[in-house]
Amino acid sequence: MNDDDDEVDADITPMIDIIFLLLIFFLLTTKFIAEEKVIASILPTTKGQAQPQPDDLEPPDDINVLVFPHDPNNPRAFARGAGGVEYFDNLWRQNPATDFATLRVGNADQVYIINGRYLGQREGGEAMVRHVAEVHEYLFQQLSRFETNQTPRSEETPIVLHCFSGMPWKYALLVYDAIRGYEGRVAGHGGRAMTQDDMLTAREVSFAPPRLRQYHEWEHGNELVEIIHMQ
Amino acid sequence: MAKKKVSQPDIDFDLTPMIDIIFLLIIFFILAGRITSEITNEMITVPPTRTAHERPDDRRFERVRVEVFGRTQEETRAGVRATGHTISVGTNRWRSSGHEDRDAFIAYIELRRFLDQVYDRAAKYPDPKGTGLQLPYVIIELRADGETEYRVVQEIQQVMSDTIMPEHEGQFMVSRPTQPPRPFVNIEFTTRQDTD
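Residue numbers (my numbering), protein chains in the order written: chain A, -5 to 225; chain B, 3 to 198.
Note that these hints are calculated values from the structure, not bench results.
Fair warning: this is a prediction, and the values are worked out from it, not measured in the lab.
We treat Cβ as the ideally placed atom computed from N, Cα and C, and that holds for glycine.
One or more of the hints may lead you astray.
Here are some chain B residues pointing at chain A (derived, C-beta under 7 Å) [claimed, not checked]: (1) Leu27; (2) Thr51; (3) Arg52; (4) Thr88; (5) Val91; (6) Arg95; (7) Asp196; (8) Thr197.
Sequences are here, hints too, so could you generate the full structure?
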């Protein structure tokens, strides 16, 4: 060995190997998907809620929020069920997936047409954000009509969301989101995450059971007409 | 003065910038990426919402994630086709036909069997609403695909709150005759922020 040699002869090859391994590891395991979040809810425990109650189609105590398909080619058919049972039965048999949904609160004249394409796969962007905001705005206007300013909010008239059974879940969740958004603005828990304890004093919002009870009867037309005629 | 080996070709290329870049890349991926330690089902695209929030950190509650995906009816070129839906919890995966055959509700039935076990071993508290029911300290996270029918997602909610019991042959019972109800009421719907 030469004592005069002040060049430290560090072999960096193993280090580079390790670094490359790390790099490959992170390249392969990393996923850039948006982190999923949650919306809290509390399920009703009333026994027998699933019982179909044909005499009680329009319970006066609840605010009914209705979600049913919309056909841009024949929008009039969905206005108060003008299409009739058979029309809807056939329509749904031929085309069970729908890109548009009608949103109506109670007997309101004004409806909002939700475009489901914005809610689908990772598309939408700005347009989707605007669309979601419009749904929130529509429900805010409509629900304000029924507001009686109760405290706590659990005293306020319950909201029941009636969604046509064959509609994709994304519509129902968006409408539920808009109802929660309204409550946030009125009750003031707006931006804060609701805990399970908050849910106890929150307004009662529930998803109505589907009106079809048996899977071997595809009476979609009946169900659609019932929902469209609800107030 | 240092000795030089004659045999070594004296290509003096500087590795430092390359190592710098690689370090930067590694740091970028460590910070920006999320390791897929959490195994989520790739079949599911959760719908966007605006009031979405982080999972609250409440130590009292145990969390159970229930995933559901698949459309019971699907449109193809040949017409409407029955495909069924799938419910999965952890490594369990149950598939229902959603039709009039024997397997119409097999996934609901299996899910309820699983939930009964969770209920029995969970700590409980009396229902603050005064129904006399004992509620478990469990939050069920329902991670449903946006395209799954409303019907399926709603019926799963009823299976959770133990207000319906599916039977075979496409029928429902309103409650189970032999035992007291084992309801789960605390639920979270998985979603994603509309701005993400």
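Tested hints:
{"no.": "1", "hint": "Leu27", "result": "6 Å, holds"}
{"no.": "2", "hint": "Thr51", "result": "4 Å, holds"}
{"no.": "3", "hint": "Arg52", "result": "5 Å, holds"}
{"no.": "4", "hint": "Thr88", "result": "14 Å, violated"}
{"no.": "5", "hint": "Val91", "result": "17 Å, violated"}
{"no.": "6", "hint": "Arg95", "result": "19 Å, violated"}
{"no.": "7", "hint": "Asp196", "result": "5 Å, holds"}
{"no.": "8", "hint": "Thr197", "result": "6 Å, holds"}
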